[in-house]
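Sequence lines, in order, name chains A and B.
Okay, so the first sequence: first residue is 19 according to our numbering, each after it adds one.
Okay, so the second sequence: first residue is 19 according to our numbering, each after it adds one.
The set of hints was computed from the structure by calculation and includes no laboratory data.
A hint or two may mislead.
Identical copies look the same in the list; a pair holds intra-copy or inter-copy alike.
Claimed, not checked - Subject to a maximum C-alpha distance of 20 angstroms in a straight line, what follows is the list of computed PhoX-like cross-link-like pairs (lysine-lysine): (1) K226 / K163; (2) K99 / K383; (3) K383 / K207; (4) K55 / K203.
Quick caveat, the model's predicted, so the values are computed rather than measured.
Number of protein chains: 2
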Amino acid sequence: MAWHNYLLDAWRRVSVRHGFEQVDGPIFETLDLYKAKSGEGIVSELFSFRRANGTTDFALRPEFTPTLARMVADKANSLPKPIKWFSTPNLCRAERPQRGRLREFWQWNIDMLGLDTPRADVECILVAVDLLQELGLGSDQVRVKISHRDVVRRILSKLGVADEKMLAAFDLLDRRDKMLPDQFKQQAKDLNLDEHRVERFEQMSRRKYPAGDVGHLERSAGIDGGLDALEGLDAELRAFGLEKWCEYDLGIVRGLAYYTGTVFELHEATGAERAMAGGGRYDNLIELFGGPATPAVGFGMGDVVLTNVLTDKNLIPAEVAPRPDVFVIALTDAGAARLPAVITALRTGGLHARSSYKTTRNAGKLLKEASQSRARCAVILDDKAEQGLCGIKELDSGEQNEVKISELKNALT
Amino acid sequence: MAWHNYLLDAWRRVSVRHGFEQVDGPIFETLDLYKAKSGEGIVSELFSFRRANGTTDFALRPEFTPTLARMVADKANSLPKPIKWFSTPNLCRAERPQRGRLREFWQWNIDMLGLDTPRADVECILVAVDLLQELGLGSDQVRVKISHRDVVRRILSKLGVADEKMLAAFDLLDRRDKMLPDQFKQQAKDLNLDEHRVERFEQMSRRKYPAGDVGHLERSAGIDGGLDALEGLDAELRAFGLEKWCEYDLGIVRGLAYYTGTVFELHEATGAERAMAGGGRYDNLIELFGGPATPAVGFGMGDVVLTNVLTDKNLIPAEVAPRPDVFVIALTDAGAARLPAVITALRTGGLHARSSYKTTRNAGKLLKEASQSRARCAVILDDKAEQGLCGIKELDSGEQNEVKISELKNALT
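Given only the sequences and the hints, what does the whole structure look like? Please build it.
What follows is the structure, encoded as structure tokens:
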């Protein structure tokens, strides 16, 4: 929980300073809500249920976006634009727990709605990068891999993929890493791409192109024009100083029916884990949920892969658990009689104060327990407590002083 | 969410300074886990479900204690005692939403296990009182109503309630506020209490006795001895300085099969709302869940009644939502070209920086938007941005200065 809080506090702190406001939704929704966004395929991936004697199917939330879309669609006309929302819900997915994927996990969601310019896309990338930087990751350890639906569609079209095979081609791109090269080639052929074009298609989707220079992508990939959508995005990436974190990767596909423009994923630079975050533009979703046409872009970042990456890089701080300010010990019965009042004064005064629950009056044992608690100092109560005096011992330095109990709180702060 | 965070942060901050460590559990458990603590009666009060083709009944957590008991029972021998745990889970109850009760809510749980002395009971009361004090409530606005199972049992026994009718008598006490006086008298008679004794029983359960003086309770209630359990508790309440927050109320019953000693509830002093918190000692639960015999005491405090009480008393701070440090505006195209880099530097430097998404360059309109954001100051970018200069305007005082953009972050912190 110490690490969990550290991470959730960072998500919140960074979101707030980027001007996002926090929202939350219920832990379950109707199953139909999730099917509306993701189709029937989602059903096997979530915990759905029907109550005894009920007729409605519900599901524990496997993602937050449908809840967000429902809320925005409902209030679209009364919300000032752009809407900048974040959330940090727990989500449940009905899958076998494995590295990077747990059945219950937390996900940071960033969404910006009502702005159709690439500024919104790039502000989302900016807040994601700032979060990773806040947790200690540098631009050499992270890759923001960016693609764009329109650009990929245009390239595929030039390579001879018919419009009606476009979704299948995206699907093939998406599954490429799970296939043997021969399988990939065969399936590409089924899309009516000849062998030469299959090779270009595969090469293009495997290469990375530096952000900050769309011309480089154009020349390297041998693409002749049609990159306008990326050019606008690239200009904003440069304006916000993000180009060193980013690269273009036309193999990034993500949700097929869902994303409409920019798509991106944040990966550990060596590719050691699954994506730490993924998102993109989804300009059709609010309308699909019954609201007005509303441009939208956002991403989700889970706690599980992120924690794996940070653990591997020794970036989990050793002392995320709160350190007590003071550990109060009683060396005599007179001291013990005064201990509860001292504890009350310290704690209600805002200090993290612990004490021993042992009945021993042995100074060595009690001071050892104080040290083990990692407290900054020990407050020592003995017979002088009857005269209103106590000792303060700095546990790191061993320095000890006597103060009035009535002035203890001030002496410690 | 701003208030929600404020409250959850207070729960966490106060728990930590009282030496409690945070735990959490899964959002659902097997239904059997909840039945083991509360019996079949709980089933109608929670969201239970069985997955398609499944054979196990699950339930969204309606309370945290069974999860805690399961965890403690599992690890009891490896956990240092006393265990001091807190949690702030969301819980779900299948009931009609009404004032003070929602279907999904958050509950602060404080539990102290492994210590059988009244010190543990009183430390739990102390942390609850400190939380209420932290949120602005004083001892004149809150009553901690305390009773003790053993004491009530002893009194009832003296009044002639047979051992085998004891649970029924507790049940009657618990339901007394929902009954007409005649109903109460009739049901008391069914417990073999004659009319005189019924009256004493009722009077005793309706009166409050000041904490800090068990003798007063003894004399007023006409009880002859048998208050040892309350005397130990009373001594600790006095030692921790809590007697002015507390009173003895023998009508406080709570969970029948569950609590074993001290029981208590925290109420708004005029009785305007349901209990803000309730808890007590449950020394048998860990054993019931398969662990070793483990003394335990704890309470739960929900967010809903507490928020109602604080709202009624105007104790919800007006400005719980985070206030931006700075709002950046561009009055010219040259200023607008520099704006993204300024935003990046401020936000990644830890400042809460917002900007306008409007295309206007009108200073009046942009400054108005800056004020509406509640930002402390506006950063103004115009053609001087090309020379690396910008304006800082304090939005409260109207004072304006020119600084180098490269020194902006320092000028603002």
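Verification of the supplied hints:
no. : hint        : result
1   : K226 / K163 : within (8 angstroms within a copy, 68 angstroms between copies)
2   : K99 / K383  : between (62 angstroms within a copy, 16 angstroms between copies)
3   : K383 / K207 : neither (76 angstroms within a copy, 58 angstroms between copies)
4   : K55 / K203  : neither (31 angstroms within a copy, 60 angstroms between copies)
Comparing the model with each numbered hint stated earlier shows that hints 3, 4 do not hold.
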